[in-house]
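> Once you've looked at the hints, go ahead and assemble the two chains, each given alone in its own frame, into the complex.
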Amino acid sequence: MTTEQAPTGLSRAGFALEWVAALGTSAYVAASRDAVANLLRGMLDDLFDAAAAEAFSTAPAVGIGRGLVAEHFTGEESLSRTIEVLGRALLADDELRGIAQRRGVQRMTERVVALLGGLAAGYAAALRATTLDQQETVKQALLKASRDAERELRMSEVRFRELFASSAVGIAISDLDGKLLEVNEALGEIVGRPAIELVGLSLQELFHPDDAAQLAGAHQRLVDAELSRRRLEPRLRLMCADGDVAWAHLAISVLRDSEGRPTRQVTMVDDVTALHLLGERLNHQSLHDALTGLPNQVYFLSRLESVVGRANPTAAIALFKIDLDGFTVVNEGLGRRVGDQLLRSVAARLLAMLADEKATVARFGDDEFAILLERTPTSPDVAAVAARINSELAEPVFIGGAGVAVSACIGVVEHRGGAIDPAELLRAAEATLRRVKSGGTRQWGCYDQHRDADQRARSRLAAAMAGAWESGEIGLEYQPLVRLADRAVLAVEARLRWDHPKHGPLKHRTCLELAAETGLVLPMGEWLLRTAGEQLAGWHAAPHVAAPSLHVDLAAQQALDPDLVSVVRGALGAGVADLRLGVPVRVLGGASDAGLEAGPDPAAVEARDGLRALADLGVTLVLVEYGGIADLAHLEDLPVRALRVAEELRWHVTPRPYRGSLVAKAIPDLLALAHSCGATVAVGGLDTEEQVAWWRSVGADIGQGCCLAPAVPAAGVLPLLVSFPLPTDHER
Amino acid sequence: MQEKLAWIPEGVNVDVPSSARIYDYVLGGGHNFAPDRQAAERLLQAVPARQMARLNRGFLRRAVLFMVDSGIRQFLDLGSGIPTVGNVHEVAQQADPSCRVLYVDIEAIAVAHSHLLLAGNDGASVIRADLRNPEMILDSPEAHRLLDLDQPLGLLMVGVMQFIPDSDDPSGVVRRYRDRLASGSDLAMSHFTPDGMPEEMARAVEVFKTTQEPAYPRPYDQVLRFFDGFDLVEPGLVYTAQWRPEFPEDVGDNPHHSNLYAAVGRKR
Numbered sequence: 012m013t014t015e016q017a018p019t020g021l022s023r024a025g026f027a028l029e030w031v032a033a034l035g036t037s038a039y040v041a042a043s044r045d046a047v048a049n050l051l052r053g054m055l056d057d058l059f060d061a062a063a064a065e066a067f068s069t070a071p072a073v074g075i076g077r078g079l080v081a082e083h084f085t086g087e088e089s090l091s092r093t094i095e096v097l098g099r100a101l102l103a104d105d106e107l108r109g110i111a112q113r114r115g116v117q118r119m120t121e122r123v124v125a126l127l128g129g130l131a132a133g134y135a136a137a138l139r140a141t142t143l144d145q146q147e148t149v150k151q152a153l154l155k156a157s158r159d160a161e162r163e164l165r166m167s168e169v170r171f172r173e174l175f176a177s178s179a180v181g182i183a184i185s186d187l188d189g190k191l192l193e194v195n196e197a198l199g200e201i202v203g204r205p206a207i208e209l210v211g212l213s214l215q216e217l218f219h220p221d222d223a224a225q226l227a228g229a230h231q232r233l234v235d236a237e238l239s240r241r242r243l244e245p246r247l248r249l250m251c252a253d254g255d256v257a258w259a260h261l262a263i264s265v266l267r268d269s270e271g272r273p274t275r276q277v278t279m280v281d282d283v284t285a286l287h288l289l290g291e292r293l294n295h296q297s298l299h300d301a302l303t304g305l306p307n308q309v310y311f312l313s314r315l316e317s318v319v320g321r322a323n324p325t326a327a328i329a330l331f332k333i334d335l336d337g338f339t340v341v342n343e344g345l346g347r348r349v350g351d352q353l354l355r356s357v358a359a360r361l362l363a364m365l366a367d368e369k370a371t372v373a374r375f376g377d378d379e380f381a382i383l384l385e386r387t388p389t390s391p392d393v394a395a396v397a398a399r400i401n402s403e404l405a406e407p408v409f410i411g412g413a414g415v416a417v418s419a420c421i422g423v424v425e426h427r428g429g430a431i432d433p434a435e436l437l438r439a440a441e442a443t444l445r446r447v448k449s450g451g452t453r454q455w456g457c458y459d460q461h462r463d464a465d466q467r468a469r470s471r472l473a474a475a476m477a478g479a480w481e482s483g484e485i486g487l488e489y490q491p492l493v494r495l496a497d498r499a500v501l502a503v504e505a506r507l508r509w510d511h512p513k514h515g516p517l518k519h520r521t522c523l524e525l526a527a528e529t530g531l532v533l534p535m536g537e538w539l540l541r542t543a544g545e546q547l548a549g550w551h552a553a554p555h556v557a558a559p560s561l562h563v564d565l566a567a568q569q570a571l572d573p574d575l576v577s578v579v580r581g582a583l584g585a586g587v588a589d590l591r592l593g594v595p596v597r598v599l600g601g602a603s604d605a606g607l608e609a610g611p612d613p614a615a616v617e618a619r620d621g622l623r624a625l626a627d628l629g630v631t632l633v634l635v636e637y638g639g640i641a642d643l644a645h646l647e648d649l650p651v652r653a654l655r656v657a658e659e660l661r662w663h664v665t666p667r668p669y670r671g672s673l674v675a676k677a678i679p680d681l682l683a684l685a686h687s688c689g690a691t692v693a694v695g696g697l698d699t700e701e702q703v704a705w706w707r708s709v710g711a712d713i714g715q716g717c718c719l720a721p722a723v724p725a726a727g728v729l730p731l732l733v734s735f736p737l738p739t740d741h742e743r
Numbered sequence: 616m617q618e619k620l621a622w623i624p625e626g627v628n629v630d631v632p633s634s635a636r637i638y639d640y641v642l643g644g645g646h647n648f649a650p651d652r653q654a655a656e657r658l659l660q661a662v663p664a665r666q667m668a669r670l671n672r673g674f675l676r677r678a679v680l681f682m683v684d685s686g687i688r689q690f691l692d693l694g695s696g697i698p699t700v701g702n703v704h705e706v707a708q709q710a711d712p713s714c715r716v717l718y719v720d721i722e723a724i725a726v727a728h729s730h731l732l733l734a735g736n737d738g739a740s741v742i743r744a745d746l747r748n749p750e751m752i753l754d755s756p757e758a759h760r761l762l763d764l765d766q767p768l769g770l771l772m773v774g775v776m777q778f779i780p781d782s783d784d785p786s787g788v789v790r791r792y793r794d795r796l797a798s799g800s801d802l803a804m805s806h807f808t809p810d811g812m813p814e815e816m817a818r819a820v821e822v823f824k825t826t827q828e829p830a831y832p833r834p835y836d837q838v839l840r841f842f843d844g845f846d847l848v849e850p851g852l853v854y855t856a857q858w859r860p861e862f863p864e865d866v867g868d869n870p871h872h873s874n875l876y877a878a879v880g881r882k883r
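Chains as they are written, first to last, in our numbering: chain A, 12 to 743; chain B, 616 to 883.
So that you can see chain B by itself, here it is in the shape it has in the complex (with noise of 0.2 Å):
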């Protein structure tokens, strides 16, 4: 993508790296542009960001999954970033056809890329939203079209509250979705921690200041309180690889460097 556009308009930025464009790139995806692929190059240094992320992928696959054995067939996957592989409604469809999916993010090219590569699908779509606005999400005419609140829904913040900061109340955020939720309805989160490797996270924390999203890693306690108001299943909250893995051997030795807390929890 080498031709610059005459004119790119506000909300659609490609000379500062986009979180979901770094994610792409570490998975190995082609959907992203040099400042993208220096930053992941720094992040590279910093932390071992592929493993991160691979970690972090399966853990939304085998929380989708779950969700869908527990019976849920309706999916709200907030910040879901560039559509790479194993995209949740990929996942959903493939157990049970029936699986609506709405995808919000907040950047423009991702939620772009999405429409292209949602065309067609009657269940999934994609709006562009701050995911800090959970009523206009929750009431827009897509969620109205894809969504029955009445009925359970799997919420996904899957790697997205750490770039809430404290000053926006990531707390009250979730609250409020909660709040719209019926019960038995889950709730998958990841999230940065620093817990793990303080020191390497402290220079990824560094790296992604300068891109368009800077991250909040946030320790065990900070992450468990999101889950205010849910029942964890097992195992509770625990690092990305330990959550319910295919088998034992995948946890690895060291199930600490994928450096995000990931858990499940049902609302009351």
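Chain A extracted, bound-state conformation (with noise of 0.2 Å):
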């Protein structure tokens, strides 16, 4: 176009405008407006030169319709809105019009005619060329993705047969039935077997039954529900080909149709045995004993809750606590790692000897066993199963060469029938463990009822002794020791003497046992020395009267108390001079040690050091039990100047003495003895005047008794000494 046709140029290009927005809401185009309009442009100008040339053509405008189709001006309505665009662009147009007033106006609109239709014949032929093409390409992309599926689909079948095959996980393919279809390697080694054989068994066969019914189960459940795949909780077991178990976690799934028809049942068997066994070692560590295998306290406790728990009233059992005599000298003179060996072999001759029982062994600590025994009709009775433990532990076992026997001491508790506390069995079955110990080694014994009843009475007692103690309930009494020739008071004893509200007063000795279940022993017969000790120091105080010597008799705790000697004169002071202390003779062990084969028992050669010292400080020893000749052997061994004579013997003459009596005759030989080694002998417990005549009869030379002197507390003892008339000499 040239510069002087400006004027219809704006025309053109307002035509051109509304033609760019025409199709802009026709058809979408990738490209900017002003893209576009610049092309829109070009074609409008190119149309009208079309029109106005002398050789006229439809070409130019055949080929603006192809370009329109190519520039994706293909909305619906793009092709129409273009023809009135253009129909009234060019019957509008100044220069068009002059032409045709020069070559006809027929002639003109002929053209715009023939050129709008070219332009609609090329646009349809290239948007029906283009659509052939776009609908060969989205066949292409079908048959593309069809083929892609169909390798896709390839590969994954060849990916699923390499995971099948190379799976450490064991898969098994079956059908709804359980049938094997398809079995890999992995879990033919699971369960020891080719996976080859497997393929027709059924999947509930390669199971432990008790977990088959539970995998079938979990299979229908999937295939009801129509879920497609879940996992298993509970481990289960697979039976192997050598009769082990091997445990695993399992995954199962269904596999459907295209319509959701279940057709197979997928099971992936992960092989946790390892895991299984792990947990199950760590679980058998906490319930066992780590040295001897054996089950420990807490898996015999609930071993023995679960058997007397169940209300079985025909099910008996026998229940044995088990502990070894002097196994601490084997620890400590052959060294840990016998006793070691030693326990170990002990636990395995245990586990032999019962091995046809129903029986659990365990092993509580140290050198404590215990046995549940489960009786069955057949059933060794307790006396032989207590006896054959002795004699299986006495065959000795040689380690490292040397030979070690044990024996054990055995407490039996038997229960038929009924629910019981487990505990209160084992605690019945421990106190008589304790009870046939303090017998000695090798000892065994049934639970007593009564005995038992008597010992749980004995403990409440000693564990209120300190509140007791500490109310005053317990306090001192004192009675005299009186000379027999002239009834002259020589001694006064100090005792213990606990005015019990429910139980009356309990005596010195009993207050002493007692002390002693509790460790109380020591503290309150330090007291009781302080406390008499005072007393002692008034009575020498005291005009008119003669005072006489304290006498107390020691617990054996207190005898073999290291610190005797320190105790006693920090209680007494000065006052020693004037103590008579009764030792028991059993304290003392044997007087001449050589002929014992465990050596010297240390404990009682120091006690022995302390009396020596005692008796050093003025303290007079009153050797108290007498009972029989050995026991001279310590008059000999220690500085003793006085006997008692033992209440056991007493009581053979008492309350009379008997004619014919051995005791009774050989007494006065005793006494004679006695005297010859140079004590004087002191008898207790003389309540009549006839008993009274007889021991002096037979040498005794001093009593105690209520016939006597009556036992006085503190405040009345010098009332009562006043009575009494004073010694012709000195002796005591």
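Read the hints as simulated data drawn from the structure, not as lab findings. Don't take each hint at face value.
Claimed, not checked - Listing some non-contacts, in silico: residues in chain B with all C-beta distances to chain A over 10 Å:
1) 657
2) 666
3) 681
4) 799
5) 862
Unchecked claim - Once the Cα atoms are required to be at most 30 Å apart in a straight line, the calculated DSSO-like pairs of lysine-lysine come out as:
6) 448(A) to 518(A)
7) 824(B) to 155(A)
8) 369(A) to 448(A)
9) 150(A) to 824(B)
Claimed, not checked - Per the computed footprint, the stretches of chain A lying under chain B, defined by three or more beta-carbons under 8 Å from a beta-carbon of chain B, are:
10) 81-87
11) 145-151
12) 154-160
Computed from a predicted structure; not experimentally measured. Glycine is no exception: its CB is placed at the ideal position from the N, C-alpha and C atoms.
Following this line, the structure appears as structure tokens:
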């Protein structure tokens, strides 16, 4: 176009913009508005040129039609809006009108129609070609997509095959009845059979009978619930060819066809046997004794609980609590290693001897074992079991060349029928064990309910002792020791006395025994010495009284107390010279240790040293519980000045000596022997003049009893002393 | 495409309409089958689908050009559909031939089609994947070849998130992409909304129920929430026609007839 046609150009530019707007809303064009405007303006000019050309041709219009399609002006209304806008533009154009006037209006109108027709034809042909192209493309795309999918499927099949074959997880594919159709090698390895052998078997056959039903049920639920997969929570057991079981986690799934109908079951088997065994081992460790491998106390108690907890009236059990004798000696003497081996051998022998019985053997700690025997009609009785235990243990085991044999004390409780607290059973067995142990080594005994009741009452009493002492229920009483020749008071014995509100007065010896059970005996004994020592000082300060000595019976624990000397000196001070200490013979051990295989008991040796030191301080030592010639040996070893006849000996002549009693016949000789050793002899518990007379006749020097002088509280001592004759000499 | 394949494998479905092919049809394309065209006609009776499609396509083009202007040279187009006109790689590579584009679609034919179209273009590729698996896509060999996640990337979720139901946690999906993107990356999203033409869109939802991809148009606030962690560029979240039009008059009198919200956000 040329510049002189500017006004017409403006009008064309207006039509061009109208065309741009029409096409812009009828189709999406991936270009900027300016680019579209330039393009269409070019087309518009080409069209006008064609209309004005000397030699008329519709070819440019056909090209414009094709161009519109090529530029994606292919909206529903793109062509019709184009024809409408361009028709108006061509007819309204000033330049074309001028030409029309020159060449004829009819001719120009024909040209316009022909051009628009050509444009439409070009557009239609191009659109048809494009549509065919697109359909061809989409057909190729569909084919390609199908092939891709097919290849993907083949690949996934290959991948599945690879996975199936190489997986460490066992995989079984079965039909809905559980018949195995395919099994991979991993599953074969888990159950220890070639995979090919498993095909055709039932899936359930691979599993432990107790677990198979669970698996079948889980598969069925999957089918019913129309779920595709789930993991089974509990571990299930597979049966292996070697008879073992393999533990496995399972994941199961159901394959369905395109209609959603279940067709196959898939079972994935993850062998966790090793993990399971580890878990078992940890579990085992918490319930077993590491040294012997026997169940520990926790395990034993739970076993006991489950057995006695069952209220089966006919079930009978026996509970054995076993303590090895002198195991500490083995441990300390031969070393811990030997001790450990001995314990293992004990465990093995207990297990072996009960192998045919329904029994649980446990180790509770150190040298303590326990057996729970669930009685059957053929079980041996408890006596036979107890005897068997000790005869088995008596067989020496050779450890590092040394033959070691042990014995045991055994407490037994039997229980038949009905539920019972297992802790109570165990307590009874332990109480019985303690009782039989006090009788020595290699002892056994059955639970004795009455004895047990007594012991429990005693224990309650012992437990209450500290409170009673604190509150003053426990105090001292004093009873004179009287010379039988002239009835002069030589000494006053200070004793413990517990005025128990329920059990009445408990005597000195009972108090000491109870105190010994709770560890009160040493402080209480010291308190006794100190309190009585203060009284002794009072007696000496009193006028008109020949002050007596103070007699105190020591408890066995006091006699063995390494601090005895300092305790006595601290309590009595200068009064030690007026103290008579009663020492129980039994704590002194054998007088001559040469013959004892076990060697001297170091505690007894130390006790004797202490007593000698006290004698050096002026304390008069009195052997109490003098019962036989053997005891006289101490008179050679210790500076003992007096003896007191054992209570047990006295009972033989109480209430009166009967004719023909061997003891009564022997007593005069025993007393004579004591005298010959330079000791005076005292006898207690003289309640009648007859007894006094008899004892005096057989040679006793000193007596004590209510018929000679009563026991009185501290305040009653001085008035009592006044009523007695003064001693005629200074002998005590 | 009249001939029927003897066997059409799973994932290739020509009997159930596909939203990608409906989109192609309403844009004037011929890459579709009779069921797609029938569904498209029903859709056209419910909503101005041609206009929606055209405006959405326009937004995609403007968003890509905006990103190129911002210096972004790599694009991940999720739910790219049938390659019709003005595809992302055409727009971007026309602006700068070094631009790289990875297309992702779940529809097998659309992916196959894109493969054919992109043959010979080293800077663009397509993978078939579910956009709900961001890790699988971002760690695919094609992503490793074309995209550098240490550099800003243009993430395009244009007209696709409305096909992800709430039960598939669409926000979580966007977040998982966001977390992998370098700071300075852009997210362009457009999304069906019922806000503008509620009744018409409700009818459109019914039409989509008969296709492979049921649609879940979302209100303004929910769409906005997809941009958590992104700073929206001007003019924020608006109808597609309103997002940075070339000329003010392009917005038209009824921008809400576009029925899609659109925005571009930049990762902080």
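> Hint by hint, which ones does this structure get wrong, listed from lowest number up?
2, 5
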